[in-house]
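Same order as they appear, the protein sequences are chains F, Z and C.
FYI, my numbering numbers position 106 of the first sequence as 106, with every residue one higher than the one before it.
FYI, my numbering numbers position 118 of the second sequence as 118, with every residue one higher than the one before it.
FYI, my numbering numbers position 57 of the third sequence as 57, with every residue one higher than the one before it.
Be aware that a few hints might be false.
As the list claims (entries may be wrong) - Residues from chain Z that face chain F, not an exhaustive set, calculated with beta carbons under 8 Å:
1. A63
2. E85
3. L89
4. W92
5. I108
6. Y153
7. L157
Said to hold, decoys possible - Over the 10 Å line for every Cβ pair with chain F, so calculated as not near, a few chain Z residues:
8. S32
9. I59
10. P82
11. A104
12. N106
13. R131
14. A170
15. R204
16. A265
17. P299
18. R320
19. F444
20. P531
Honestly, the hints are just simulated from the structure, not real lab data.
Nothing here was measured: the structure is a model prediction, and the numbers come from that model.
Even for Gly, the Cβ is constructed at its ideal location relative to N, Cα and C.
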Amino acid sequence: MLRVALSRLGTAVPSLIGVVVVTFLLTRVLPGDTATYFAGPVASAEAIAQIRAQLGLDQTLPVQFGRYVADLARGDLGTSLGTGQPVLHEIATRLPASAELTLSGLLLAALAAVPLGILAALRQGSWVDHLCRVVTTAGVSLPVFFTGLLAVYVFYFLLGWAPSPVGRLDAFATAPPAVTNFLLIDSLLAGDTETFLAALSQIALPALTLALFALAPLARITRASMLAALDSEFIRTARASGLNRRTIVLTYAFRNAMLPVVTTLGMVFSFLLGANVLVEKVFAWPGIGSYAVEALIASDFAPVQGFVLTMAVLYIALNLAIDLLYGLIDPRAKEG
Amino acid sequence: MSAVPLLDVRDLTVEFATRRGTVRAVERVDLSIGKGETLAVVGESGSGKSVTSYAVMRILDRAGRIAAGTVTFSGMALRDLPEGEMRDLRGWEISMIFQNPRAALNPIRPVGRQIEDVLLQHGQAGRGNARARAVEVLESVRIARPAERYHAYPFELSGGMCQRVVIALALACRPQLLIADEPTTGLDVTTQKSVMELVTELTRARGMSTLLITHDLGLAAAYCDRVVVMEKGRVVETASASAIFRAPSHAYTRRLMRATPRPGAGLRDLLPEGAAPFPPAPIPGAPLLVVEGLVKEYPRAGGSLLGRLAGRAPAEAPFRAVDGIGFEIRRGESVGLVGESGCGKSTTSMMIMRLLDPTAGRIAFDGEDIGAIPARRFASSAARRRIQMVFQDPTDSLNPRHSAARAIADPIRRLGTLRGAALAARVEELASLVGLPAALLDRFPHQLSGGQKARVGIARAIALNPELVVLDEPTAALDVSVQAVVLNLLHELKLRLGMSYLFVSHDLNVVRLLCDRVLVMRAGAIVEEGPVERVLGNPAAAYTRELLAAIPHPPA
Amino acid sequence: MPENPALALPRPSAAGNLLRHARYVLAGNPVTAFSFLLLLFLLGCALLGPSLVPHDPQASNALRALQAPSAQHLFGTDQLGRDILSRVVVATRLDLGIAFFSVALVFAVGGLAGVAAGFFGGWTDRIVGRLADTIMAFPLFVLAMGVVAALGNTVTNIVIATAVVNFPLYARIARGEALVRRNAGYVQAARLTGNGELRILLTTILPNILPIMAVQMSLTMGYAILNAAGLSFIGLGVRPPTPEWGIMVAEGASFIVSGEWWVALFPGLALMLAVFCFNLLGDGLRDIVDPQRRT
Chain F
1 MLRVALSRLG TAVPSLIGVV VVTFLLTRVL PGDTATYFAG PVASAEAIAQ IRAQLGLDQT
61 LPVQFGRYVA DLARGDLGTS LGTGQPVLHE IATRLPASAE LTLSGLLLAA LAAVPLGILA
121 ALRQGSWVDH LCRVVTTAGV SLPVFFTGLL AVYVFYFLLG WAPSPVGRLD AFATAPPAVT
181 NFLLIDSLLA GDTETFLAAL SQIALPALTL ALFALAPLAR ITRASMLAAL DSEFIRTARA
241 SGLNRRTIVL TYAFRNAMLP VVTTLGMVFS FLLGANVLVE KVFAWPGIGS YAVEALIASD
301 FAPVQGFVLT MAVLYIALNL AIDLLYGLID PRAKEG
Chain Z
1 MSAVPLLDVR DLTVEFATRR GTVRAVERVD LSIGKGETLA VVGESGSGKS VTSYAVMRIL
61 DRAGRIAAGT VTFSGMALRD LPEGEMRDLR GWEISMIFQN PRAALNPIRP VGRQIEDVLL
121 QHGQAGRGNA RARAVEVLES VRIARPAERY HAYPFELSGG MCQRVVIALA LACRPQLLIA
181 DEPTTGLDVT TQKSVMELVT ELTRARGMST LLITHDLGLA AAYCDRVVVM EKGRVVETAS
241 ASAIFRAPSH AYTRRLMRAT PRPGAGLRDL LPEGAAPFPP APIPGAPLLV VEGLVKEYPR
301 AGGSLLGRLA GRAPAEAPFR AVDGIGFEIR RGESVGLVGE SGCGKSTTSM MIMRLLDPTA
361 GRIAFDGEDI GAIPARRFAS SAARRRIQMV FQDPTDSLNP RHSAARAIAD PIRRLGTLRG
421 AALAARVEEL ASLVGLPAAL LDRFPHQLSG GQKARVGIAR AIALNPELVV LDEPTAALDV
481 SVQAVVLNLL HELKLRLGMS YLFVSHDLNV VRLLCDRVLV MRAGAIVEEG PVERVLGNPA
541 AAYTRELLAA IPHPPA
Chain C
1 MPENPALALP RPSAAGNLLR HARYVLAGNP VTAFSFLLLL FLLGCALLGP SLVPHDPQAS
61 NALRALQAPS AQHLFGTDQL GRDILSRVVV ATRLDLGIAF FSVALVFAVG GLAGVAAGFF
121 GGWTDRIVGR LADTIMAFPL FVLAMGVVAA LGNTVTNIVI ATAVVNFPLY ARIARGEALV
181 RRNAGYVQAA RLTGNGELRI LLTTILPNIL PIMAVQMSLT MGYAILNAAG LSFIGLGVRP
241 PTPEWGIMVA EGASFIVSGE WWVALFPGLA LMLAVFCFNL LGDGLRDIVD PQRRT
């Protein structure tokens, strides 16, 4: 198992290198003068020259790349012009908010999508199946920022069920002592029900918005792979051996159907991390997505670059985890 | 056969709901199996033989349903049985084994656990002794080291081994009736023999009845007491195995019997009515193709840098698919290349076709070493038009977007000189040569039958008057009656056009019909070579004898 | 089932046949027929919209700011008093245009690269595969943000960014299809009949892959529209006052909490409808081209 894990880790190395190269290149293909760009819109000529020297832009490309990699190795992602803070520090502070939101969204989506897909496959042509079809087709067609706004209008403005869509915790609640930096978990750990409920009411709408978005691909692939599994020859053998329906559906069909679903998780994460940016903007969520959007509008490039790099590294780590999970389910994967 | 049959099927009609309305796959079928009896249901594709067995088990897929008739098992009317009781019967009283054994097993569950599932389901074992019982069951189907194999996944076992596991699953609860649906199709002939012998032995020892579904009359005759012949969803004849071979009464059975290649029958004997006998074959001329020391190696997997970093063993020695073989084919001669799957016969034919580059060795065609020309540049070689090929799968070998006429004209357009009306005339001439009605020339592959597609493939191969044609299992995907016609056609064309054939096949009976000489391959090497009568009549190599002995023989 | 009626007919030569075939297929698939009509409607808006709308989409009027939908302004007015209906209709051309050009770009580049990778294997395959893997290592929308931020905030760069993030998908599908066909019987047969490798790629492999890629184009159109709108929602690409659905939703976002729902709703609905239309169409096309893969 360790050997498998190591070899999977090995396959992530080229991706990491690729990501570093691409984020480096992104700064060098900036139209016009990179230093001007980095210095921001209101910098003086001296400031620009200083930045040019500071960034090493007067050096050759390989030297610049070497510096970039060395900076990365020291954890130096540059400094934000807007806040004057190191980018790494800001991203580290804001990351838990994003992670909590994304994972909640994924969890909600999986809890709804997998049973829906399985039921739709088991009762092909029934109302569950039609519901599944509608949800999957409509789900991929919904712009996530638009559903978020609709949710705000309905649940905040019309019904008044949800709190005002700004941030993780309203101004009157006190943050629990930081353990995991996930407010839902930390407040429970502290036994602070009031804060937990406050945090829950804040995260409910954005998480649901994300979940609705991730629901479609998950339900679709669950239904399809469950149908394929139920149609396969080993299910025929299981039926001919008189196994009961529960064993056939759960032990035989479901476990096989999970293989494509796990593979699809990577794609779903890709969508989720992107959608996260939009949802954070709609709900003024203090995560790294809204940080990047603010920086983009201010033409503050270092945070954007740091954000892209962080997201890619996170995503590679997620894919690695998915790969390992896959290896646990499918004995054949150990051979590869 | 006892007075009350174990299984009695009367007037069984099965319908499938399709987009084009209801289709009757099985119509008013009657059959019965006595206790301890072995019954074969024989038919070509589309005869409804498999559907009949699924209907008995009530495992038809969603679209199918039993429209009429009764199925009685041990006095129980299965059609009206509640699903729960029917489920208890499956695997317990009636069980089933399938074609393609690897796909028939759950790919991600150890085979031992799959056997346990069945034992537990039918109360044949408790949580405590399930594993021990499963190992016993594996042992009963002669799986070596059963305690170890208990943990194996299907992908770790060979096809024959998987079929043993499927048999173990089916027999675990000692049912009274075993339904075997093409259990050996796709397996090598020697594996087929051991699987069939295992089934026969186990069922006989336990006094079980067997229903064998097969397309192979020889197999049916060799292993069964009685035979039911089906055609287009109906039973056309039921008789004892010996009677049906001695005196088939129905016209369809007679046609099927005749078309089955067998010792002592010539090519013409396969066809329904006595066609004019072939003129004597010409004496083979000078050597046309000479192969010397031909080798093909493939690197083994796992030799990558990262794999080594991760602690894998360094790259092993490359795998030799073809291991230094040599032979020759003379002008006008037909040479058979026989062997089981993985023996290297297809690799050899691909190298001779110059679709694959050999690792070492010489392929001399009419004196020129064509093996030295890289495969990717052979398309523009002058020798290209002189060596052509007929492929195994007639469907796969035709471009779905080209009409039959375009497929046949393609080689002439690329390598020939005819154009326009002359080309069209030549295509029609070729079509008539291979017996393809000119009206079908405008059709696309999906609008043609298997036999018609095979004819298009043959017409394309002979369009440029090649001197050597490689036939790669050209009839393996066809029903026997179509195979008989295609084999005759191939021989006729050879006589008429003076071509040489390299006939690649796993079927010794077919090779016997078409070839003058035969090469027997095993593990990349030629183990025996000689005139076909001598090699098949009086084999020198032990492996050839083994192959011959594995062919199912009808009872004398 | 080989006898599938949907597969039985298309012949490149006979246009009449093709029309009859299309009508037959659409009659059997009311949903696909509906999405086809929707597509015609969207194309109509894109082509003729600007000359049909009741108001100038750019004309602001402070007196009429933030008016709810009425007979005069069916979709209401925005914070500058511009007619939302006119803006929504006029935006169709830009949104569909961005999506169309990005899909066409990636179809040409990604499709060809993938086919070549699958067919030739070796170095070609390694380079294309590495490129695709590198792009895939990013969450796609995030990469699109980075590309637009780096290349500059223009519509052309939105098109490029959308094409870049779709590259792996196209390359992978085309590669897979080419790979299974590389040694198919009919490709081997084409080699035997004296066709060179390049010729086989162009005349035998490509035509057989095109239908599958066409389905992919339709499915990706929806994603491309969403991607472009998402980028403009966060302030990248198209800039105000140009009417574009993403920006209009962004502008309406601040009025949602005060109850002026129409500013964001109508552009959002238009966006949804367009994406929905292409997704339905793609599903329908897939059923026609490849009935086995129906899900």
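Inset, instruction - Starting from the hint list further up, note which numbers the structure goes against and sort them upward. - result: 1, 2, 7, 9, 11, 12, 14
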